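Colleague: Letter by letter, the chains look like this.
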Amino acid sequence: MPARDAQTRTLDERLRAIEDRLEILNLIAGHPPSADTGADFYAARVYAEDGVFDRGEHLSGGHGNAEIAAMLQTPGHQAAIHGGLAHFAGLPHIAIDGDDAVVTSYLMILTPQPSGEAIEVPNHGASRGFRIHRVGANRWELTRTADGWKIKRRTLRPLDGSDPARALLRRALEPYRKSS
Amino acid sequence: MPARDAQTRTLDERLRAIEDRLEILNLIAGHPPSADTGADFYAARVYAEDGVFDRGEHLSGGHGNAEIAAMLQTPGHQAAIHGGLAHFAGLPHIAIDGDDAVVTSYLMILTPQPSGEAIEVPNHGASRGFRIHRVGANRWELTRTADGWKIKRRTLRPLDGSDPARALLRRALEPYRKSS
Amino acid sequence: MPARDAQTRTLDERLRAIEDRLEILNLIAGHPPSADTGADFYAARVYAEDGVFDRGEHLSGGHGNAEIAAMLQTPGHQAAIHGGLAHFAGLPHIAIDGDDAVVTSYLMILTPQPSGEAIEVPNHGASRGFRIHRVGANRWELTRTADGWKIKRRTLRPLDGSDPARALLRRALEPYRKSS
Chain A
665 MPARDAQTRT LDERLRAIED RLEILNLIAG HPPSADTGAD FYAARVYAED
715 GVFDRGEHLS GGHGNAEIAA MLQTPGHQAA IHGGLAHFAG LPHIAIDGDD
765 AVVTSYLMIL TPQPSGEAIE VPNHGASRGF RIHRVGANRW ELTRTADGWK
815 IKRRTLRPLD GSDPARALLR RALEPYRKSS
Chain B
665 MPARDAQTRT LDERLRAIED RLEILNLIAG HPPSADTGAD FYAARVYAED
715 GVFDRGEHLS GGHGNAEIAA MLQTPGHQAA IHGGLAHFAG LPHIAIDGDD
765 AVVTSYLMIL TPQPSGEAIE VPNHGASRGF RIHRVGANRW ELTRTADGWK
815 IKRRTLRPLD GSDPARALLR RALEPYRKSS
Chain C
665 MPARDAQTRT LDERLRAIED RLEILNLIAG HPPSADTGAD FYAARVYAED
715 GVFDRGEHLS GGHGNAEIAA MLQTPGHQAA IHGGLAHFAG LPHIAIDGDD
765 AVVTSYLMIL TPQPSGEAIE VPNHGASRGF RIHRVGANRW ELTRTADGWK
815 IKRRTLRPLD GSDPARALLR RALEPYRKSS
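Residue numbers (the numbering used here), protein chains in the order written: chain A, 665 to 844; chain B, 665 to 844; chain C, 665 to 844.
Hint data in this document are derived by calculation from the structure and do not stem from the laboratory. This structure is a prediction, so every number in the text was calculated from the model and none was measured. Possibly wrong hints are sitting among the right ones.
Note that the list lumps identical chains together, so a pair holds whenever it fits in one copy or between two copies.
Claimed, not checked - Calculated cross-link-like contacts (lysine to aspartate or glutamate; reagent style DMTMM-like; alpha-carbon spacing at most 25 Å):
| hint | residue 1 | residue 2 |
| --- | --- | --- |
| 1 | K842 | D714 |
| 2 | K816 | E713 |
| 3 | K814 | E687 |
| 4 | K842 | D718 |
| 5 | K816 | D763 |
| 6 | K842 | D704 |
| 7 | K814 | E838 |
| 8 | K816 | D718 |
| 9 | K816 | D827 |
| 10 | K816 | E838 |
| 11 | K816 | E805 |
| 12 | K842 | E721 |
Can you make the complete structure from the sequences, with help from the hints?
Modeller: In structure tokens, the structure reads:
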């Protein structure tokens, strides 16, 4: 939304809003490295104690930062990591309202092609390439704490033509529907 | 470009430049959710009334925010959405010059693999995966209005080895050619 | 990390930190256009004179901004560009410490599918699609100069299940391990 109220906010309030945004960008940017290395301490830190990771009906999620962190150390997740796992984050949309924020972002999960012929690209080596295993829409609901912004709830839905991801994405755009 | 003129600008001018940048990041980040859900009201809002969406010679574009918004509600676009459509945005380069701005960004259009075997990734379910239908280079020419930044012209060209996308990308880098 | 020291920094210091971050975002966002068009002048400008581009043991890198820039004009790189080459940048994590900064980012290298059937997506034309040739983790070590932020060292490692990329990603998260 346009920052039409720039005139009525103090310099400090404006700086604070900007710093919030940049801190949140970094929080989201830290997610792929943590997922792809199994950095449980990162998940433990950025999720609220009672934070929730909701992966939809087909994948098991977590309740509480300790459980969500522990997911990264399961044999299944470790096997995925060692098979070659890359979480690739798109440009997030961020809306901050006081001590709450909502981030809406796209995510790809990439893995090496398990078979097939290697292809040579000049100056870029030979590779069998990578496949896109999943494409997901994320809604991250954040809250400000004395220890920085924390994730209260992350909702992830597959962007495969089914409705839940679209419903999630629509929520990010609702504020733009209002008349200015 | 380095902000070497920090000394000569007021705090308010510096804050304004930063807020412009963050508003533009969000405007671009809102594009994939709007395209993938058919949110015509978003397109109507972020394009200028006489804004143009130029998709090159092989795809039909739009003139005026009403027409560009209506593209999202055509049967063709709705069919693409229900087949599984994900616009995935890379990190944009942003150059602001007073009341004008140019954003140069990469975009992928992803769709589910229409056939093939599902592959299981531990802890990440089974999926036939997704294909990259198109990779495009975008140039977004924006203008500041009383109702926030608006798109005057969006130019999209396929990054398939043909020249127009490279010409578009080169324009983003021209300012770096000048001696400092 | 949370900016808990907001109270003890001056407005100018806070603005400077924000401007640094935005300048660095743009520097990283300029990389794909420069790589995909062979813009040697951009590489020459953003790398330090003694900057290093370390591509690991299987691909040759460069020492010094002149050599790194020249890589973009080699027949091999030019052939890759004309075959259709897209560097696609994910959301970077940025940590600034005074006059030094570390950026950790994901990168895909995309090329057109060399064969196969074109698939039609309604309203989005027909295409054989693109393949992901490589997925890499980047660590960019930057330094502040009178001419803006410059790259001292860029380290790129393939995210293919081998350990070096994970080691690189882990380094970005180390600061979050400390107790707050």
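Colleague: If a hint holds in the structure, say so; if it does not, say that too.
Modeller: Quick rundown of the hints versus the structure:
| no. | hint | result |
| --- | --- | --- |
| 1 | K842 to D714 | between (33 Å within a copy, 21 Å between copies) |
| 2 | K816 to E713 | within (8 Å within a copy, 39 Å between copies) |
| 3 | K814 to E687 | both (11 Å within a copy, 23 Å between copies) |
| 4 | K842 to D718 | neither (29 Å within a copy, 27 Å between copies) |
| 5 | K816 to D763 | within (12 Å within a copy, 34 Å between copies) |
| 6 | K842 to D704 | between (40 Å within a copy, 13 Å between copies) |
| 7 | K814 to E838 | both (23 Å within a copy, 18 Å between copies) |
| 8 | K816 to D718 | within (11 Å within a copy, 39 Å between copies) |
| 9 | K816 to D827 | within (23 Å within a copy, 32 Å between copies) |
| 10 | K816 to E838 | both (21 Å within a copy, 23 Å between copies) |
| 11 | K816 to E805 | within (6 Å within a copy, 33 Å between copies) |
| 12 | K842 to E721 | neither (32 Å within a copy, 35 Å between copies) |
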